[in-house]
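A.B. asks: Protein chains in written order, with my numbering: chain A, 1 to 302; chain B, 1 to 385.
Source of the hints: derived by calculation from the structure; they are not laboratory data.
Worth double-checking, as some hints may not be accurate.
Far from chain A, some chain B residues (derived; all Cβ distances over 12 angstroms) [what the hints assert, rightly or not]: (1) F14; (2) F20; (3) G378.
Restricting the straight-line Cα-Cα distance to at most 27 angstroms, the calculated cross-link-like pairs of lysine-lysine (DSS-like) are [to be verified]: (4) K314(B) - K223(A); (5) K165(B) - K189(A); (6) K122(A) - K80(A); (7) K223(A) - K195(A); (8) K122(A) - K81(A); (9) K325(B) - K116(B); (10) K230(A) - K321(B); (11) K94(A) - K122(A); (12) K325(B) - K200(B); (13) K116(B) - K230(A); (14) K194(A) - K165(B); (15) K41(A) - K122(A); (16) K288(B) - K230(A); (17) K134(A) - K81(A); (18) K122(A) - K139(A); (19) K150(A) - K134(A); (20) K116(B) - K314(B); (21) K122(A) - K90(A); (22) K170(A) - K109(A); (23) K223(A) - K165(B); (24) K223(A) - K207(B); (25) K109(A) - K81(A); (26) K217(B) - K230(A); (27) K165(B) - K94(A); (28) K134(A) - K122(A); (29) K41(A) - K81(A); (30) K223(A) - K217(B); (31) K321(B) - K200(B); (32) K194(A) - K288(B); (33) K116(B) - K223(A); (34) K325(B) - K223(A); (35) K195(A) - K165(B); (36) K134(A) - K41(A); (37) K200(B) - K314(B); (38) K314(B) - K207(B); (39) K230(A) - K207(B); (40) K150(A) - K195(A).
C-beta atoms are modelled at their ideal positions from N, C-alpha and C, and glycine is treated no differently.
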Amino acid sequence: MNMTEKIKLSILVISLLLLAGCNKNIEHPDWVINEVMVNNKTNFIDDFGERHAWIEIYNNTARTQNLTGAFLTNDPNNPKKYPIPQGDVKTIVKPHQHVVFWADNMPSKGTFHLNFKLDPDKENYIALYELDGKTLLDKITIPAGIPADKTYGYEADGIESDQAGNYLGKVLDRVTPGSNNMVIGENPKIVSLKKNDPWGVMITITSMLVVFLGLIVLYFVFKFTGRIAKRLTRLNAIRSGKLSAYKTHEISGEVLAAISAAIYEMDQDVHDKESTILTIDEVKRTYSPWSSKIYNMRQLPK
Amino acid sequence: MNILLSLSDNLTTFWEYSGFANSTIGHITMIVIGLFFIFLAVKYEYEPLLLIPIGFGILIGNIPFNEAANLQIGIYEEGSVLNILYQGVVQGWYPPLIFLGIGAMTDFTALISNPKLILIGAAAQFGIFGAYFIALQMGFEPNQAGAIGIIGGADGPTAIFITSKLAPNLLGAVAISAYSYMALVPVIQPPFMRLLTNDKERVIRMKTPRAVSQTEKIIFPIVGLLLTTFLVPSGLPLLGMLFFGNMLKESGVTRRLAETARGPLIDIVTILLGVTVGASTQATTFLKFQSLQIFGIGAISFVIATCAGILFVKFLNLFLKRDNKINPLIGNSGVSAVPDSARISQQIGVGYDPNNYLLMHAMGPNVAGVIGSAVAAGILLGFLY
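Using the sequences provided together with the hints, build the complete structure.
C.D. replies: Right, dumping it as structure tokens:
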């Protein structure tokens with residue numbers, strides 16, 4: 001296998017690795033209709049002291065987003081049913097935070113009161129559209145017959161489907177308007193580590209494996225590129241007819257340094273008397289070009 | 001009489017606000033520690049660029065004042081000038097900027113010309129996980145143990161970055177510990193380097209590194225970034241800036257940017273980082289038994305990292321040809337205290353063979369250690385955050 005074939009093979013392997021890792025099932029909509037209560041009998045009360053159906057929208061990103069100008073609807077044929085008004089700072093939603101809209105058909109009560117109601121006896125379609133009224137941001141269909149004071153949504157905020165693409169919408173065990181659907185008391189990773197790896201042995205082995213793997217890959221890449229670089233240099237030397245000169249580079253850098261110094265001295269007219277002879281005297285103490293660096297270093301503290 | 005009473009009241013109030021009235025034994029202890037740091041930097045030149053800002057920061061942070069008065073002067077009082085500057089530490093802005101400068105000033109030639117030295121940088125990361133293990137046994141939570149363990153990477157910016165994410169309450173202790181031991185590398189490492197090597201090994205002469213082309217130097221930051229961050233994306237802020245800085249240096253067409261990154265920028269950030277980390281050791285918050293424990297674990301982690309690097313070189317030598325052996329005295333350089341630990345390799349090496357120059361060889365594992373500790377930090381972040 002020649003060098004070109006090796007390069008092609010390496011590119012192919014890397015491309016396959018990258019493609020193998022691509023997961024097409026992962027979808028992360030920016031906004032998620034996260035939790036919906038259709039029949040509110042004894043539950044959450046709005047700022048007017050009344051109970052109505054409500055819709056919680058979740059900012060599913062790590063950036064602050066503004067809902068202003070977007071549209072909420074319960075009618076597939078009328079995507080622009082409720083335009084979320086401009087000028088209300090509460091429509092600016094921080095990363096991974098929630099906002100609750102009341103489906104009470106009383107838009108005169110303020111920004112968060114919609115111009116439609118939800119029907120507990122029927123299936124309810126709810127959708128959120130982009131400013132253009134055409135681009136769908138998210139939608140959810142609430143099945144008919146959800147019990148009173150129960151909500152329908154996603155157990156983990158913003159996660160609508162699993163890795164296999166299965167839809168995760170369900171009647172939730174807890175009602176959490178405006179806050180996380182899943183209440184996490186402790187970091188599950190920490191809990192799991194404390195339980196399964198109390199000595200830290202597994203995490204040490206895994207981590208060192210990954211560190212070594214990463215640096216071994218770098219080692220192979222640069223060993224490989226180093227070989228290519230050497231060959232290219234040699235090829236260039238052959239092409240320019242200076243292969244013999246190139247070969248001397250391989251013998252010793254110190255000899256080259258001495259020759260360079262001698263040529264420099266000759267060029268500066270400080271060479272010895274014979275005008276066509278370059279004399280290189282070997283000094284008794286071995287010299288290295290690195291020796292000069294020693295004077296720049298701080299001395300070892302005593 | 002009333003005038004005298006009023007004057008007395010005023011003087012009493014003034015006294016209550018003075019440092020003398022509010023000082024505690026903790027403040028005095030920390031001020032003495034700050035003065036000791038400054039002494040070490042001035043007298044022995046132990047990492048003066050770190051110890052002077054940190055030492056003086058300790059003095060600033062431990063001037064006693066009436067904390068109940070909400071004067072907005074302390075580093076932990078929201079809205080104070082020191083608190084605003086401290087946000088760069090807490091939020092993790094400074095460490096990636098420091099890494100940008102490190103990238104722009106680091107020459108990876110030694111590493112590229114002899115890539116097997118990269119592996120020494122990986123071995124030295126045992127210091128991190130050794131410290132993690134010890135911290136767990138001492139009763140720290142896994143996330144706290146991860147933050148303490150990273151001290152073993154001998155990489156101040158990484159330690160600060162990881163601690164600000166995993167255990168912000170330990171930030172002062174971890175940062176001070178990491179930087180103190182980095183400064184004390186010339187004291188900590190040599191005894192273990194001598195202990196773990198014999199006379200024959202100490203005089204091994206390594207092959208002269210081959211010349212590295214400009215193209216290889218340009219490829220290095222690109223490939224380095226892509227490989228390491230695809231593997232550990234959580235290391236992106238540090239690795240991204242490190243390799244970006246190196247790209248500025250090696251591209252040859254962004255000289256001004258590279259000079260700014262390795263000059264004024266890193267100097268400014270070092271000043272802000274050093275003084276705020278120092279000031280964060282305010283006695284009322286910092287002086288706890290826990291801080292002493294962290295200091296103890298930090299020292300052990302440096303020892304583990306040093307020993308792991310040296311022993312790994314000896315292990316590698318078992319498989320290398322006679323004329324291609326590695327001098328184990330460069331094993332200590334796997335910790336990422338650049339270039340201090342490489343300098344120690346050189347100084348110890350010339351002590352045994354005055355014509356054996358290990359510096360350029362030791363720089364290989366030294367910069368690999370920077371990459372290795374950033375990768376290890378990314379892994380810890382992935383597991384524990």
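A.B. asks: Below or equal to 27 angstroms on CA atoms is what counts here, so check K165(B) against K189(A).
C.D. replies: Between K165(B) and K189(A) the Cα gap is close to 15 angstroms, so the pair holds against 27 angstroms.
A.B. asks: For a C-alpha distance cap of 27 angstroms, please report whether K217(B) and K230(A) respect it.
C.D. replies: 14 angstroms, holds
A.B. asks: Holds or violated: are the alpha carbons of K230(A) and K321(B) at most 27 angstroms from each other?
C.D. replies: With Cα atoms ~21 angstroms apart, K230(A) and K321(B) stay inside 27 angstroms; holds.
A.B. asks: Does K314(B) pair with K207(B) here, judged by a C-alpha cut-off of 27 angstroms?
C.D. replies: This hinted pair holds, its Cα atoms lying about 17 angstroms apart.
A.B. asks: Measure nothing beyond the straight line between the CA atoms of K195(A) and K165(B); if it is 27 angstroms or shorter, mark the hint as holding.
C.D. replies: 22 angstroms, holds
A.B. asks: If I take the minimum Cβ distance from F14(B) to any residue of chain A, is it greater than 12 angstroms?
C.D. replies: Non-interface label on F14(B) holds, nearest chain A Cβ at 44 angstroms vs cutoff 12 angstroms.
A.B. asks: Next pair to validate is K288(B) with K230(A); report whether the Cα-Cα distance is within 27 angstroms.
C.D. replies: Judged against 27 angstroms, a Cα distance of about 57 angstroms means the pair is violated.
A.B. asks: Next pair to validate is K223(A) with K217(B); report whether the Cα-Cα distance is within 27 angstroms.
C.D. replies: The hint holds at about 13 angstroms.
A.B. asks: Sort out whether K207(B) lies within 27 angstroms of K223(A), counting only the CA atoms.
C.D. replies: 16 angstroms, holds
A.B. asks: Sort out whether K200(B) lies within 27 angstroms of K325(B), counting only the CA atoms.
C.D. replies: 12 angstroms, holds
A.B. asks: Decide if the proposed pair is consistent with the structure: K223(A) and K195(A), CA atoms, cutoff 27 angstroms inclusive.
C.D. replies: 42 angstroms, violated
A.B. asks: Is K194(A) within 27 angstroms of K165(B), Cα to Cα?
C.D. replies: Between K194(A) and K165(B) the Cα gap is close to 19 angstroms, so the pair holds against 27 angstroms.
Checked against the numbered hints above, the structure breaks hints 3, 7, 11, 16, 19, 21, 22, 23, 36 and 40 and satisfies the rest.
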